[in-house]
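Novice: The lines below spell out each chain.
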Amino acid sequence: MSNILDIRNLTIELETSAGTVKVLDKLSLQLAEGEIHTLVGESGSGKSLLAKAIMGFINPRWKITADRLWWRHYDLLALNPVQRRMITGRDMAMIFQNPGSYLDPNTKLGNQLRETIPQSELKGIYLRRKANRTVRAERLLHRVGIKDAEKVMNSYPHQLSEGVAQKVSIAMAIAHNPKLLIADEPTTAMEPNTRNQIYRLLAKLSASQGMSILMITQDLTSVIPESQRMSLVYCGQLMETGPTEKIMTEPFHPYTDAMLQMSFFNKELVPKTRLPTLTGAIPTLQHMPIGCRLGPRCPKSRRACIHQPRLSKVKQHQFACHFPLIEVETHD
Amino acid sequence: MPNNRSIYYQYREPSPLRSLWLHMSTNPFAVAAIYIFSFMLLAMILSPLVAPYSPDAQFTDVISQPPAWHDEGQIRFLFGTDDLGRDLLSRVLAGAVYSLGYPLMATAVAALIGITIGAWAGMSRGVQSSTLNHLLDVVLSIPSLLLALVIIAILGPALHNVMIAITLVLIPQFIHSVHNAFYEERNKEYVIASKLNGCSRWYLLTRVIFPNITTVVVMQVTFALSTAILDIAALGFLGLGVQAPAPEWGTMLARSLDQVYLVPWTMILPGLALFLTVLSINVLGDSLRAAIQERVRGT
Amino acid sequence: MFRYSLRRMVLLLVTLWLLTLLIFALNYWYPGDPLTNMTGIKFSDTLAYQQALVARGFDGSLLSQYFSFMAHLLQGDWGASMVTEQPVFAEIKPLLGATLELGLLAMLLAIVLGIPLGVYAAIQQRGKLDRLIMGLSLSAYSIPVFWLAQLFILLFAVKLGWSPISGQIDPLYAIDINTGSILIDIWLSDSDYRIAAFTDALNHLWVPVIVLSIMPLTMLIRIMRNAVLDVLQQNFIKAARARGLSDSTIMFRHTLPNAMQPVVRQLGLQFSVLMTNIIITEVIFNWPGLGSWLVKSIYERDFPVIQGGLLVLASIILLVNVMVDLVHAWRYPHIRKEIDAK
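Residue numbers (full-length UniProt numbering), protein chains in the order written: chain A, 1 to 332; chain B, 1 to 299; chain C, 1 to 342.
Since the hints were made in silico from the structure, they are not lab data. Since this is a predicted model, take the numbers as computed values, not measurements. Keep in mind that the hints are not guaranteed to be accurate.
[To be verified] Within a straight-line C-alpha distance of at most 27 Å, the following computed BS3-like cross-link-like pairs (lysine-lysine) qualify:
no.: 1; chain 1: A; residue 1: K315; chain 2: A; residue 2: K26
no.: 2; chain 1: C; residue 1: K238; chain 2: A; residue 2: K108
no.: 3; chain 1: A; residue 1: K63; chain 2: C; residue 2: K93
no.: 4; chain 1: C; residue 1: K238; chain 2: A; residue 2: K22
no.: 5; chain 1: A; residue 1: K52; chain 2: C; residue 2: K159
[As the list claims (entries may be wrong)] Here are the computed distance ranges between Cβ atoms for each label pair:
no.: 6; chain 1: B; residue 1: C199; chain 2: C; residue 2: I123; range: 42 to 50 Å
no.: 7; chain 1: B; residue 1: I192; chain 2: A; residue 2: N98; range: 18 to 26 Å
no.: 8; chain 1: C; residue 1: R3; chain 2: B; residue 2: L42; range: 32 to 40 Å
[As the list claims (entries may be wrong)] In silico contact screen, one side only, chain C against chain A (beta carbon under 8 Å); selected entries:
no.: 9; residue: N235
no.: 10; residue: K238
no.: 11; residue: A239
no.: 12; residue: A242
no.: 13; residue: F252
no.: 14; residue: R253
no.: 15; residue: N258
no.: 16; residue: P262
Cβ atoms here follow ideal geometry from the backbone N, Cα and C, with glycine treated the same way.
Extracted from the complex, chain A is given alone in its bound form (with noise of 0.2 Å):
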């Protein structure tokens, strides 16, 4: 398989009242056709920026540098705004958390799903283009799992559930047969059963369709199954990258082991003592320490932490840390 995304040390710079603040710092990430891949990150540790970055939400005030932002094979960087526009909205779909404030509210869903159908994909005259979209909105409602497609496509967003308003948002996202699905969020906020839903539907989409979906959540707990690589982000920096399985089995990195001891998978904890925790808080972005922005927090840091680690790679697997929990010969 080969890698569709690929994302090497990207940089992106806020000017903040503070003075210029890396909100990501030399981040890399390379995404497989037709994978899953989990980006977990607590808030503040930008994977919605990376996300945007990815889509093309730029602000003119971000600056972003990278060795290499590349989609298949277009220098999204080299790109004028129209062509990456282009590119992007023919390529790649995003789907956000509260899905109800993405969707036009004074508009009907149906309307909102019929002009996201490309024009390129139907034929025929005016009269049966148009009905042709009616069948393909209501083709896509179906696939995403709701049955009564006429009634949803006669309300408005404000009057359905957020699964439901999740759902609709998921097939307007593949209207256009996506490479790349961005789904930042999409069950926080959301109950359980509706959550699971929401992963089953992801994951049946990217099975059928050979789709990639970069998954993007807040902690280990929404790593579903079907991910095969997962990555995990601590303020803008890179901790540790590979397969799911390995990571949550034999984790190379502090970071990862902390999340995963104070998560539910940690099965050892005996009921009643103190939950394991890193010390300290996530610092704000006027206040990040240099070299391993973990060091302050990490229970393993050293004097060396001050200089960022680089990648170190064992098989699939890539971690940044001076000190691994697992020893390593290191070859440079």
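Starting from the known structure of chain A, arrange chains B and C on it as the hints suggest.
Specialist: Coordinates of chains B and C only, in the frame set by chain A:
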């Protein structure tokens, strides 16, 4: 703080008032508006001292004198004289008391009464509150000037009646906006949380809700002030407000209407004073609102 | 929607009823005799006064007086002017036509110019033209309408001579007043000089219309600009871009319709502002409308006329506000939900 700068740069959030000022002072229009408004206030307070002549003094030898820069102008009448030979500059300065001082007074009284009633109504619930709302809808749908006209029709045109009319007209606006603001805040989580904490109603009213509706109050005060100025001037213009010899700006404009061909300058100065005052208040209100919004969004 | 409309209509009826109560009460608050204030019949006219006393229920309780007041009001018997002794109701129709003509034209001008300019300012945000438009609109919004009218007269009528100083039409054309709206009256008349009269009427009309439209125009520009900027920051616009919709689709299908929402909501308020200004403007331009009529009646303490004018002006404003509310709720369904939730 170049010298005692510590290793860690400590970012200190400015206090709400200070951050408002920081936002305002970056906006050149707002700063200009502050200067203009302060100038008008000063002119109003100092008008008896700085005015070169009494506003009613008539100089029969210099009737309809053009401004000083005109060929026929004289430097002792900087902005010229009107058709009765009264010095325009003195009249406009003295007029500030009528056209700015009285509206300020009316707004203050109306704000005091209106906010009190509005807060009380906002804290009470049920029929009482909704009846009030509907009644206010009726009163507010009638333009303030029309309402003032009706009150003048009852009381007769005179300065104190205009004050009563304008104050009465402004009160419902205050009640309405404060009541609505309270109504919106009352059911928000933070208020419910304080209520569950056992705060008294008085505490809820003054310490919990009121700080959160200052935007509304500030906006309403600036809006009411510009309404009051314009309405008093409009009534004066229609001859239904402050009566003729008094140098009220609207009344002066009404007088100039008949002579616009002959002595256009008698129209420019009072109008300009009125325009600048209202403009500075509107700009102030506008930038204040923007600054408050920015502050709320920024945190 | 039906339920909402019904509720709004009931509310309108209640409001109008409250308005009649106010007008009824005013008769007692005005100086002088309530019956004279109501009917315009003077005490010196003994016979008519005695008849009116009975007809208006003044021999009975206050309640019966109110009922007979309402009965007369609904029959179109609004009393007679104390000065001209003409029936008020009959006089109102042409005056109303003249006022509405002026007001609606000004509103139309404001909408037609204001919305595109607002959108343009928003797209050019912080550009030179945006600053210019916003600066102009803020200053224009602060100009007292009577001063603006004077400046316009000074400029266009006195200095440039492009338009007459005041009035509705040259009386030489002898157009029969029918609806009160001069343009419609010329259309209906069989005068031989219809075209010339039409030009003359337009010549008289354009200055007051522009004067009146400046205030709502500047407000509309500001509201529209802020609304467009607000909508452009909404999530659904970003999502639409992410879906690869074209810029024009996003603009015309999503941004503009949503940005129009606050504009529609503001139209009622702008109309009220316009009606205030129309009172003053009519006085300045000698326009034979409700406003100048009302002001004249206050000078003359002509109470039947005052209450007639007040009733009509207030009802129009209420009616327009309700209509705007209905349109708003019909076009923007999620507003209905918020209203129902209240």
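Novice: State for each hint whether it applies.
Specialist: Cross-check of the supplied hints:
no.	hint	result
1	K315/A / K26/A	holds, 21 Å
2	K238/C / K108/A	holds, 18 Å
3	K63/A / K93/C	violated, 66 Å
4	K238/C / K22/A	holds, 24 Å
5	K52/A / K159/C	violated, 60 Å
6	C199/B / I123/C: 42 to 50 Å	holds, 48 Å
7	I192/B / N98/A: 18 to 26 Å	holds, 23 Å
8	R3/C / L42/B: 32 to 40 Å	violated, 57 Å
9	N235	holds, 4 Å
10	K238	holds, 6 Å
11	A239	holds, 4 Å
12	A242	holds, 5 Å
13	F252	violated, 11 Å
14	R253	holds, 7 Å
15	N258	holds, 6 Å
16	P262	violated, 12 Å
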